[in-house]
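Peer 1: The chain contents come next:
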Amino acid sequence: MVFENLSARLQETFRKLRGKGKLSEKDVTDALREVRLALLEADVNFRVVKDFVAKVKERAVGQEVAASLTPGQQVVKIVHEELAALMGQKESKLAAVPNPPGVIMLVGLQGSGKTTSCAKLGAQLKKNGRRPLLVAADIYRPAAVKQLQVLGGQLDLPVFSLEGARPPEIARQAVAEALRLGRDAVLIDTAGRLHIDHELMDELKEIKSVVRPHEILLVVDAMTGQDAVNVAEGFHSDLNLTGLILTKLDSDTRGGAALSIRAVTGIPIKFAGVGEKTDQLETFHPDRMASRILGMGDVLSLIEKAETQFDLENSKKLAAKLRSAEFTLEDFLEQMKQVRQMGPLDQLMSMLPGIPQKQLKGIKIDPKELDRAEAIINSMTFKERRNPQIIDGSRKRRVASGSGTTVQDVNKLLSSFEQSRKMMKQLGDFTKGGGKGKGGNKFPFPI
Amino acid sequence: MSGGMFARLVDGLEKTRHSLVEQVRNITLRSKKLDEDFFEELEETLILADVGVEATEMLVKKLRTEIHNNRVSEPDQVMAMFKKMLTEILSNHAADAASVVNAAAVADSDFPAAWMVVGVNGVGKTTTIGKLAALHAKAGKKVLLGAGDTFRAAAIDQLDIWAQRAGCEIVKHQEGSDPAAVAFDTIQAAKARKSDLVLLDTAGRLHTKVNLMEELRKVHRVVTREAVGFRTEVLLVLDATTGQNAIEQAKIFKEAVAVSGVALTKLDGTAKGGVIIAIAGILGIPIKYIGVGERPEDLREFHYGEFIEALFA
Ligand SMILES: Nc1nc2c(ncn2[C@@H]2O[C@H](COP(=O)(O)OP(=O)(O)OP(=O)(O)O)[C@@H](O)[C@H]2O)c(=O)[nH]1
Ligand SMILES: [Mg+2]
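For the protein sequence lines, the chains are Z and R, in the order given. For our numbering, count along the first sequence from 1 and bump the result up by 291. For our numbering, count along the second sequence from 1 and bump the result up by 2.
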């Protein structure tokens with residue numbers, strides 16, 4: 292898996308960069324070679340990567356290495372800061388509209404998720420007290436109108452459609468209808484099209500000139516490859532986009548397309564789709580995306596830890612965490628990743644000073660269970676991972692659908708985490724006091 | 003980003019609109035010698051086509067060796083060499099592809115057949131089924147569609163419209179019903195009606211959703227168990243616009259439901275779909291169809307030779 296490759300490669304590079312002082316040109320070049328590959332594997336556009344790497348290099352060479360960091364970590368820190376800066380720091384909102392109805396047009400390639408996003412946006416606006424009207428202007432794909440009608444029905448939102456009319460006319464009449472019905476937002480779903488299809492792009496321009504939308508949002512699949520920039524530029528140059536919706540972010544893609552589009556067009560990403568259900572639309576957090584593209588788990592923890600292997604230093608830290616019982620789901624996830632990488636839960640435990648080896652017998656880990664657990668934790672917010680007690684019924688449902696599991700699975704994970712934490716706490720006490728272990732023989736970690 | 007950098011970026015992007023091979027040819031024509039610049043430009047071209055870092059490194063390394071072994075010194079000779087290499091990679095797996103759905107024809111001995119169509123959301127599964135139905139109905143086959151996407155709103159209606167277009171029959175249940183039951187009924191109906199070709203649609207699902215993949219396994223088990231006497235295939239639909247994630251998709255779907263071939267859609271855009279080189283070359287899944295538009299006739303059988311000829315044209 293790409294993930295492990297990157298992690299291993301970065302570690303390898305960083306092992307070589309041990310000295311202190313100023314970052315030399317060679318330090319930087321070596322580290323950046325790996326960063327470059329990581330970005331390319333994350334589908335960041337080749338030219339964006341090239342310019343980005345050049346910029347980081349310029350900033351990094353000659354920089355003083357912070358006392359607590361190795362040169363490699365220093366480079367990654369700079370990389371991360373620059374990535375975050377490029378993604379934009381702040382969350383972007385929809386434009387405020389002085390005279391309702393506000394008109395929002397959704398455009399994009401076939402299959403990117405426009406219809407679903409249209410319904411999701413409607414659901415979100417409704418939740419915020421607005422009165423949206425959904426407009427079915429995709430007259431080409433079979434049953435696209437029906438799809439929006441079904442979704443509108445589920446959400447109890449009106450859907451405007453007009454048999455036999457062309458999309459610009461549909462849009463025009465929809466806005467009139469919104470005025471008549473007192474709807475304050477008009478969400479126009481358009482047919483998927485290629486940015487090089489002049490005839491269909493002209494149709495979008497026509498819709499735009501007829502209804503003068505306040506927002507034109509490009510809906511982009513987060514799994515898009517190198518072509519993302521061409522697509523975004525195509526739509527942007529014809530329509531002057533105001534924002535982006537990044538869909539299918541609940542997949543395991545690194546999502547380099549987001550960075551590429553942002554770098555080339557400067558258009559802000561306003562929303563992220565994180566599931567198939569209509570409530571699975573989130574405000575987009577650019578800072579989190581920056582870590583995701585680089586491989587969040589590895590790179591950021593690399594900055595925190597000189598070596599990601601569980602060396603003595605780390606096991607001491609973990610032991611301290613155990614003692615203070617602040618072992619969180621993040622640690623849990625981190626451990627699972629380690630388990631996968633080197634299968635060493637027993638090793639890890641054996642590194643904790645003072646644990647009798649016989650307690651570690653009979654530990655079995657089912658990789659499928661690990662998949663499930665990892666998926667579940669990955670679908671939680673950072674806050675939830677740190678404070679699992681806030682995960683109530685509705686959060687559980689969200690996490691379950693985000694990870695493609697059930698609420699029962701989530702419950703199972705949480706209770707086994709709780710069990711683990713107790714066990715860990717006991718082990719922690721054990722390592723501290725050197726007293727008798729209170730934990731049973733059955734190790735609770737396997738979920 | 004500075005203005006200069008932006009301008010360079012835009013300039014550079016202009017180039018990617020040309021075909022991969024045209025690019026490579028340009029490089030070979032432009033380059034006076036086979037130096038590092040040449041290889042770097044070649045790498046860049048491949049990566050921009052979504053070939054991916056790993057496959058690109060593999061291709062370029064192989065090319066270097068060939069060049070060295072054959073003592074080639076002229077860039078224009080490299081063209082033929084590159085073409086041969088790509089052919090080799092894609093044709094490694096073409097033998098079994100040919101026997102299944104290749105050649106306008108699935109050979110007559112391949113019928114009756116039951117194909118299950120799988121993939122992530124929005125890649126073009128239903129459309130591909132519609133196109134396949136039209137293609138085979140026109141060739142005189144008795145086609146039966148199974149509306150196995152019981153999840154997405156109006157997915158059943160969408161497939162229904164394609165069935166009408168192709169003039170074939172369809173088995174459908176209510177939205178929200180069990181897809182394995184749809185699969186079961188479709189196969190039973192196919193047996194009773196003596197259908198030549200069953201095309202079973204499935205709901206789009208991300209390969210990372212554990213329970214949805216489990217559901218797909220169940221559907222697959224039903225198909226393989228019930229479709230006795232049918233030649234079963236699992237066709238994975240991939241979107242050419244997708245980047246390196248397509249490799250993960252292919253790996254996980256293959257592992258879950260024994261994918262036997264790939265349909266690569268949306269090649270009518272500017273995306274190159276270079277990721278199929280990795281999928282065919284590294285994962286060994288044969289490419290069977292390509293989608294080049296939204297009309298029924300916009301589905302082509304994938305012939306690696308032809309495909310490469312077209313790339314080089
Ligand atoms: N340009 C182009 N569009 C295509 C091609 N194949 C499919 N599409 C379009 O892509 C969109 C999505 O296709 P669907 O067939 O609905 O995709 P799906 O995989 O069944 O989608 P879900 O069932 O929602 O997961 C539709 O608008 C199709 O017309 C192709 O080869 N080229
Ligand atoms: Mg479908």
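Hints in this document: simulated from the structure, not taken from any laboratory. Treat the hints with care, since some could be wrong.
[Unchecked claim] Listed next, the in silico DSS-like pairs over lysine-lysine satisfying Cα-Cα at most 30 Å (straight line):
{"hint": "1", "chain 1": "R", "residue 1": "63", "chain 2": "Z", "residue 2": "659"}
{"hint": "2", "chain 1": "Z", "residue 1": "341", "chain 2": "R", "residue 2": "193"}
{"hint": "3", "chain 1": "R", "residue 1": "144", "chain 2": "R", "residue 2": "85"}
{"hint": "4", "chain 1": "Z", "residue 1": "703", "chain 2": "R", "residue 2": "256"}
{"hint": "5", "chain 1": "R", "residue 1": "220", "chain 2": "Z", "residue 2": "703"}
{"hint": "6", "chain 1": "Z", "residue 1": "348", "chain 2": "R", "residue 2": "86"}
{"hint": "7", "chain 1": "Z", "residue 1": "703", "chain 2": "R", "residue 2": "253"}
{"hint": "8", "chain 1": "R", "residue 1": "85", "chain 2": "Z", "residue 2": "317"}
{"hint": "9", "chain 1": "Z", "residue 1": "659", "chain 2": "R", "residue 2": "143"}
{"hint": "10", "chain 1": "R", "residue 1": "193", "chain 2": "Z", "residue 2": "568"}
{"hint": "11", "chain 1": "Z", "residue 1": "437", "chain 2": "R", "residue 2": "85"}
{"hint": "12", "chain 1": "R", "residue 1": "144", "chain 2": "R", "residue 2": "64"}
{"hint": "13", "chain 1": "R", "residue 1": "140", "chain 2": "Z", "residue 2": "317"}
{"hint": "14", "chain 1": "R", "residue 1": "253", "chain 2": "Z", "residue 2": "346"}
{"hint": "15", "chain 1": "Z", "residue 1": "368", "chain 2": "Z", "residue 2": "418"}
{"hint": "16", "chain 1": "R", "residue 1": "220", "chain 2": "R", "residue 2": "196"}
{"hint": "17", "chain 1": "R", "residue 1": "220", "chain 2": "Z", "residue 2": "437"}
{"hint": "18", "chain 1": "R", "residue 1": "220", "chain 2": "Z", "residue 2": "687"}
{"hint": "19", "chain 1": "Z", "residue 1": "568", "chain 2": "R", "residue 2": "253"}
{"hint": "20", "chain 1": "R", "residue 1": "63", "chain 2": "Z", "residue 2": "341"}
{"hint": "21", "chain 1": "R", "residue 1": "256", "chain 2": "Z", "residue 2": "659"}
{"hint": "22", "chain 1": "R", "residue 1": "196", "chain 2": "Z", "residue 2": "568"}
{"hint": "23", "chain 1": "Z", "residue 1": "561", "chain 2": "Z", "residue 2": "703"}
{"hint": "24", "chain 1": "R", "residue 1": "63", "chain 2": "R", "residue 2": "143"}
{"hint": "25", "chain 1": "R", "residue 1": "144", "chain 2": "Z", "residue 2": "341"}
{"hint": "26", "chain 1": "R", "residue 1": "140", "chain 2": "Z", "residue 2": "437"}
Peer 1: All hints, please: hold or fail.
Peer 2: For each hint, the structure was consulted:
no.: 1; hint: R:63 - Z:659; result: 36 Å, violated
no.: 2; hint: Z:341 - R:193; result: 58 Å, violated
no.: 3; hint: R:144 - R:85; result: 39 Å, violated
no.: 4; hint: Z:703 - R:256; result: 28 Å, holds
no.: 5; hint: R:220 - Z:703; result: 23 Å, holds
no.: 6; hint: Z:348 - R:86; result: 39 Å, violated
no.: 7; hint: Z:703 - R:253; result: 28 Å, holds
no.: 8; hint: R:85 - Z:317; result: 37 Å, violated
no.: 9; hint: Z:659 - R:143; result: 42 Å, violated
no.: 10; hint: R:193 - Z:568; result: 36 Å, violated
no.: 11; hint: Z:437 - R:85; result: 46 Å, violated
no.: 12; hint: R:144 - R:64; result: 46 Å, violated
no.: 13; hint: R:140 - Z:317; result: 64 Å, violated
no.: 14; hint: R:253 - Z:346; result: 36 Å, violated
no.: 15; hint: Z:368 - Z:418; result: 39 Å, violated
no.: 16; hint: R:220 - R:196; result: 24 Å, holds
no.: 17; hint: R:220 - Z:437; result: 29 Å, holds
no.: 18; hint: R:220 - Z:687; result: 25 Å, holds
no.: 19; hint: Z:568 - R:253; result: 26 Å, holds
no.: 20; hint: R:63 - Z:341; result: 21 Å, holds
no.: 21; hint: R:256 - Z:659; result: 16 Å, holds
no.: 22; hint: R:196 - Z:568; result: 39 Å, violated
no.: 23; hint: Z:561 - Z:703; result: 34 Å, violated
no.: 24; hint: R:63 - R:143; result: 46 Å, violated
no.: 25; hint: R:144 - Z:341; result: 54 Å, violated
no.: 26; hint: R:140 - Z:437; result: 28 Å, holds
In the structure shown, a violation is registered for the earlier hints numbered 1, 2, 3, 6, 8, 9, 10, 11, 12, 13, 14, 15, 22, 23, 24 and 25, in ascending order.
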